[in-house]
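Full structure from sequences and hints, please.
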Amino acid sequence: MLIDSNAYIGHWPFRKFEDNNPEALLNRMNEFGTDLSVVSNLNGIFYKNTQNANEELQEVIRSKKAFKDKFIPFAVINPIYGGWREDFERCTTVLGMKGVRLYPKYHLYDITNPSCIELVKMCRDKGVPVAFSLRMVDKRTSSWMDIENEWALKDIIPIIRTVPDAKYIICNVANSSNLNDEDTSLLKQTSILIDSSGRNLTNWAELFSKYGADKFCFGSHSPILDYCTGLLRIESLRENEAKEITKDLLRSGNIIKMLNL
Amino acid sequence: MNRRKFIKNTTYSGTGLFISNQLIPVSEQKPKGDESYDIMKEVKKYRKIDAHAHVYFTDESPGIQIDFADRLHIDKLMISRAMAPHSKGTPEEFKKCNDLVLKSMNQYPDRFIGMPVVNPVYAKESLEEIDRCLDLGMVGIGELYNHIKINDPLYYPIIEKYIDLKMIIHMHSAIGYSRVKLNSREPKNISLPEDFVDIAMRYPEAMFQFAHLGGGIDWEYACKTIQNCPNIYVDVSGSNNESKIIEFALEYLGEDRIFFGCDNSFYQGVGHMLSAKLTDKQRRKIFFDNYNNILKKSGNHVD
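First to last, the protein sequences are chains A and B. Counting in the working numbering, the first sequence runs without a single skipped number right up to 264 at its last residue. Counting in the working numbering, the second sequence runs without a single skipped number right up to 308 at its last residue.
Keep in mind that a hint or two might mislead.
Each pair of labels, with its calculated beta carbon distance range [unchecked claim]:
| # | chain 1 | residue 1 | chain 2 | residue 2 | range |
| --- | --- | --- | --- | --- | --- |
| 1 | B | Lys-49 | A | Gly-99 | 38 to 48 Å |
| 2 | B | Asp-203 | A | Glu-185 | 48 to 58 Å |
| 3 | A | Glu-244 | B | Glu-252 | 23 to 33 Å |
| 4 | B | Glu-252 | A | Asp-38 | 21 to 31 Å |
| 5 | A | Lys-213 | B | Met-45 | 18 to 28 Å |
To be clear, the hints were calculated from the coordinates, so they are not data collected in a lab. The C-beta atom is built at its ideal place from N, Cα and C for all residues, glycine as well.
This is how it looks when you write it as structure tokens:
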């Protein structure tokens with residue numbers, strides 16, 4: 004089984020995509036053998052009221068059985084915008100969303116903002132993961148109207164340190180994954196998954212040795228990145244680097260466990 | 006349904022939430038049984054020439070590059086050791102880089118094809134170095150870096166030499182003006198897409214390789230700028246594996262002007278080639294045939 008832990012539909016205001024509607028995403032999944040995808044609505048990054056994007060996503064998913072069967076919706080919540088607690092409650096209870104994506108850099112708050120901490124604790128209490136993306140697009144090629152700065156893995160540590168018993172998914176590790184010993188130890192003790200879409204994931208043997216194979220999962224970051232590179236990172240692992248049982252954890256086992264699927 | 010038909014029937018929308026009614030039903034697209042997608046089978050299916058590869062002054066290189074090439078079934082790598090972007094680019098420096106490439110070629114003669122680097126500020130030494138390197142088995146030139154713009158008259162003697170040799174000139178490209186202002190890390194002599202157009206029009210019989218569309222440049226801007234110069238080829242290497250780079254290049258440049266490459270980002274290089282909506286023939290051309298046809302012009306092709 005293959006589960007994509009990092010996919011989107013929706014519009015990106017600075018570039019035209021081809022695979023950003025639900026039918027196209029489903030086509031890509033079928034083409035490359037993906038059984039399920041964690042999906043959020045990109046519009047949620049740009050709408051001031053992110054709840055409209057969550058409602059749109061829900062409407063899409065309800066429109067077709069295949070979407071309902073194949074898409075695992077994650078909500079986009081902005082914890083410094085009015086009514087976010089109610090948004091969270093509705094998304095995780097009524098709309099059946101299985102996780103929450105946060106975009107502190109786009110929504111202009113610090114990762115240890117009290118409201119962000121409160122939201123992460125609410126996620127923890129509900130047993131749903133919180134997903135952060137180290138970057139959405141490559142800053143080099145991004146629009147002059149887009150944000151300029153990207154995160155490294157260490158930039159996520161403050162919220163993990165504050166709420167160590169929450170569940171986290173870290174997407175698109177495009178920059179340094181170097182952590183000091185203390186932070187490495189923290190990460191190892193945390194319920195966390197790092198998806199395979201980020202360009203900095205190259206030396207798997209070292210990553211497994213440092214963090215454990217139970218810390219990684221397949222993610223495409225589609226439609227922003229190409230669909231196959233994240234998958235290739237896993238499937239090209241040699242027998243002495245990852246046995247089939249380990250590859251199965253990366254393909255789906257680890258994310259199934261985190262999402263209680 | 007085969008991949009070509011799948012691609013032909015795939016539509017898109019601007020909003021990303023519109024659901025097209027022209028698509029083939031999902032049930033018809035779903036692979037069945039042993040037809041399910043096996044990415045490593047696809048990797049092995051295509052012969053590959055990495056048109057943009059490097060070796061490095063480290064203990065791990067070139068073994069680590071060969072290891073990635075083995076993992077992803079890359080047959081040949083066009084290697085160079087570019088000079089540092091902000092260095093003086095002295096003859097001593099470019100000879101040292103080329104010596105590393107020669108050493109690597111000797112270590113892996115069946116896998117590496119070396120390409121020399123020079124700095125045309127040192128005209129005599131550059132031409133002599135080209136002769137030395139080609140005599141020792143190198144082919145083409147580059148990745149030339151940003152000491153001098155590609156359209157600077159200092160390059161003219163080298164370009165004219167490569168016209169006679171029927172070999173390609175591989176020049177680094179810039180992040181440039183992706184965000185309107187020239188990126189702060191770029192030296193003033195960085196070659197911009199417009200500089201490639203200028204020199205390609207001056208020397209229509211020369212062949213230029215515009216480096217790494219995935220290397221951080223605004224690839225849409227670049228393809229649109231160079232589209233009318235049939236003697237500018239692009240390699241699609243680089244760490245930026247944004248979707249649609251290859252499809253966009255195909256639309257603007259055509260299937261004969263695109264080379265597969267990695268620029269040491271091996272997963273992205275192969276991954277976005279497999280993800281791109283190409284026919285099998287187009288994929289074969291970009292992975293292997295297009296660059297091999299360039300090599301064939303000088304009799305250095307791969308059998």
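Each hint tested on the structure:
1. B:Lys-49 with A:Gly-99: 38 to 48 Å: 41 Å, holds
2. B:Asp-203 with A:Glu-185: 48 to 58 Å: 54 Å, holds
3. A:Glu-244 with B:Glu-252: 23 to 33 Å: 32 Å, holds
4. B:Glu-252 with A:Asp-38: 21 to 31 Å: At 26 Å between Cβs, range holds.
5. A:Lys-213 with B:Met-45: 18 to 28 Å: 25 Å Cβ-Cβ, so the 18 to 28 Å window holds.
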